[in-house]
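Peer 1: Going down the list, the sequences are from chains A and F.
For the first sequence, my numbering assigns the number 183 to the initial residue and increments by one for each residue that follows.
For the second sequence, my numbering assigns the number 9 to the initial residue and increments by one for each residue that follows.
Hint data in this document are derived by calculation from the structure and do not stem from the laboratory.
This list has only true hints and no planted wrong ones.
Pairs of lysine-lysine residues, derived as DSBU-like cross-links and limited to a Cα-Cα distance of at most 30 angstroms, are as follows:
{"no.": "1", "chain 1": "F", "residue 1": "Lys23", "chain 2": "F", "residue 2": "Lys86"}
{"no.": "2", "chain 1": "A", "residue 1": "Lys219", "chain 2": "F", "residue 2": "Lys19"}
{"no.": "3", "chain 1": "F", "residue 1": "Lys86", "chain 2": "F", "residue 2": "Lys25"}
{"no.": "4", "chain 1": "A", "residue 1": "Lys236", "chain 2": "A", "residue 2": "Lys187"}
{"no.": "5", "chain 1": "A", "residue 1": "Lys219", "chain 2": "F", "residue 2": "Lys86"}
{"no.": "6", "chain 1": "A", "residue 1": "Lys219", "chain 2": "A", "residue 2": "Lys238"}
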Amino acid sequence: DQQVKQNSPSLSVQEGRISILNCDYTNSMFDYFLWYKKYPAEGPTFLISISSIKDKNEDGRFTVFLNKSAKHLSLHIVPSQPGDSAVYFCAASARNTGNQFYFGTGTSLTVIP
Amino acid sequence: GAGVSQTPSNKVTEKGKYVELRCDPISGHTALYWYRQSLGQGPEFLIYFQGTGAADDSGLPNDRFFAVRPEGSVSTLKIQRTERGDSAVYLCASSPGGKLAYNEQFFGPGTRLTVL
Numbered sequence: 183d184q185q186v187k188q189n190s191p192s193l194s195v196q197e198g199r200i201s202i203l204n205c206d207y208t209n210s211m212f213d214y215f216l217w218y219k220k221y222p223a224e225g226p227t228f229l230i231s232i233s234s235i236k237d238k239n240e241d242g243r244f245t246v247f248l249n250k251s252a253k254h255l256s257l258h259i260v261p262s263q264p265g266d267s268a269v270y271f272c273a274a275s276a277r278n279t280g281n282q283f284y285f286g287t288g289t290s291l292t293v294i295p
Numbered sequence: 009g010a011g012v013s014q015t016p017s018n019k020v021t022e023k024g025k026y027v028e029l030r031c032d033p034i035s036g037h038t039a040l041y042w043y044r045q046s047l048g049q050g051p052e053f054l055i056y057f058q059g060t061g062a063a064d065d066s067g068l069p070n071d072r073f074f075a076v077r078p079e080g081s082v083s084t085l086k087i088q089r090t091e092r093g094d095s096a097v098y099l100c101a102s103s104p105g106g107k108l109a110y111n112e113q114f115f116g117p118g119t120r121l122t123v124l
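In isolation and in its complexed conformation, chain A is listed as follows (with noise of 0.2 angstroms):
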């Protein structure tokens, strides 16, 4: 069963547009939560986190957002740039179960200038 879901599989944005791109989970337990973006060939690349106890964690132009209540997280990319096309996974963990990472299937994000 998919325990972490990214319902878009794609999202074109025009350059310095925001991008918001979403999650869902269905495990109460998890309690960590990371973005990561993939381009083509390479292994993903860790992009931001954050934990159970916030609900926001900025980081320059990335923002995420979580709302426990709802099981739903979102990132946010403003502005967005041309070089931010790639596939974002969302991922997840409940720490008190070890160190297991559940990814979401991604979203290729298209940046069009």
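Take the given structure of chain A and dock chain F to it, following the hints.
Peer 2: Relative to chain A, chain F alone:
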């Protein structure tokens, strides 16, 4: 090296053969993970090492899959009697922390395994 490296980058084998995939983690990282990524899917957890020991191997799909990390650094994922369904990109990741740590994982470029 600066990052996680994996060899080979590509491996083509025939059904029924044995393969070994190697991962060199970032120096000093005690945690090492193996994932499998099939087309259109996210990385799927296989096994996690803390030091030399497999702390969690619950993701290994069956007993044809085995992984070792004898000296707490390099790890080898071994697949016996390969099947066409084993075709995927096998990703390795390492992180600095110990058990229950909030640590990001640093991924290698992966090994693309194709079983004909």
